[in-house]
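Engineer: For the sequence shown, this note's numbering gives the first residue as 1, with consecutive numbering after it.
Calculated directly from the structure, the hints in this document are not laboratory data. In this text, a Cβ means the ideal position worked out from N, Cα and C, and glycines have one as well. Mixed in with the good hints, there may be bad ones.
Stated by the list, open to error - Here are the simulated DSS-like cross-link-like pairs (lysine-lysine), alpha carbons at most 30 angstroms apart as the crow flies:
(1) K65 x K31
(2) K21 x K84
(3) K253 x K275
(4) K65 x K84
(5) K112 x K31
(6) K253 x K112
(7) K86 x K28
(8) K31 x K86
(9) K28 x K84
(10) K84 x K112
(11) K86 x K21
(12) K197 x K86
(13) K28 x K112
(14) K21 x K201
(15) K31 x K275
(16) K275 x K290
(17) K65 x K28
(18) K201 x K112
(19) K253 x K65
(20) K201 x K86
(21) K296 x K275
(22) K21 x K31
(23) K201 x K84
(24) K289 x K275
(25) K197 x K21
(26) K65 x K112
(27) K84 x K197
(28) K112 x K86
(29) K112 x K21
Said to hold, decoys possible - Okay, the calculated beta carbon distance ranges per label pair:
(30) A209 x R308: 53 to 61 angstroms
(31) R107 x R317: 47 to 55 angstroms
(32) D10 x T155: 31 to 39 angstroms
(33) K275 x I314: 26 to 34 angstroms
(34) G196 x I262: 42 to 50 angstroms
(35) V17 x S77: 25 to 33 angstroms
(36) S34 x Q293: 33 to 41 angstroms
(37) V149 x V27: 17 to 25 angstroms
(38) D81 x K21: 17 to 25 angstroms
(39) S34 x D10: 36 to 44 angstroms
(40) V17 x G90: 16 to 24 angstroms
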Amino acid sequence: MAIKQPYPQDMRDALDVFCRKAQNLVVKWVKTLSEPAPLIYHHTNDVGLRGILETGQLWLTDIFKLNDPSEVYYGFSRAVDILKIKVASGPPECIRFADGLIAFVERNGIEKLGHYLICSFSSCGDDLGQWRAYGDDGRGYALGFDAEVLGDEYTSCGAQLENTESFPITYNDAELDRMLGRIIDLMLPLVSSPVGKHLDKISCLAYLADLCTWLTVYALRFSLFFKHYAYENEQEYRFLEFYGANMVPANVKLRGRPYSLIRYREFDWRRVGDKALREIVMGPAADRKKSSQFAKDCLRLSNARNVRIIFSAIPYRTVR
1 MAIKQPYPQD MRDALDVFCR KAQNLVVKWV KTLSEPAPLI YHHTNDVGLR
51 GILETGQLWL TDIFKLNDPS EVYYGFSRAV DILKIKVASG PPECIRFADG
101 LIAFVERNGI EKLGHYLICS FSSCGDDLGQ WRAYGDDGRG YALGFDAEVL
151 GDEYTSCGAQ LENTESFPIT YNDAELDRML GRIIDLMLPL VSSPVGKHLD
201 KISCLAYLAD LCTWLTVYAL RFSLFFKHYA YENEQEYRFL EFYGANMVPA
251 NVKLRGRPYS LIRYREFDWR RVGDKALREI VMGPAADRKK SSQFAKDCLR
301 LSNARNVRII FSAIPYRTVR
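Hey, can you work out the whole structure from these sequences and the hints?
Structural biologist: Rendered as structure tokens:
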């Protein structure tokens, strides 16, 4: 990583070292995560089922355009809180840096620091909360994919760029705080680097802006592995594709939402043939006869074979 800015070489080198160490923390931590369940499920409605089967595509969506993007900001807000605690009794430049980081993010927005696209699955194919939130209020479907087959195919797609990951979400605030604290501890000594160097204002501001940027990037990277424990029932398993701010993801498409366009990329899950899709679960509020026939018709039209169709075991009926 070559960081070219109008401040001394030793400061650029120190920032490079921070980035390498922070990236190593991410890589090592990911290796400690557990393997997924044998099947991972993607909840959708009847239109989504047909589209996924007919096209053989799953969508990775811009994480900042999710229905509830608050999860992205949740982890980062914890990083800010940890930073404030750590600098409270430190030198004045560190206190100013914490205040400046907040202003920097408010001014620039964390969504401008990179491109993050995700596709979400669940290790649980029959959970009422997910049927209501993602499965057409219980009338939809959950497609059960072989986690190992699909995950290997997905990560191999980004092997050359090393920009894809598949992992289970962790619902542990204490662990998130611990890892964010380690990132901040790596960064804090760099805040005082301009002291005594008699840098001009432009050079000093450029350095601090870079420090804010990279701290935010790695705080966000760690935050993507976590969600609040209130969502633990989702048992989410996530496919992530990420790019730097100056990289443009290829083959990005746009889909509509009221008053907005949502970026997404397609992942060809059917490239592995009949090995990926294993079962389809019909929602607890679905009409059993109609929904099962629809699923069978979609499977036949897409030439999918050896897919088991089962019904939800949850006693639930929608009010609509």
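Engineer: If any of the earlier hints don't hold here, list their numbers in rising order.
Structural biologist: Of the numbered hints, all hold.
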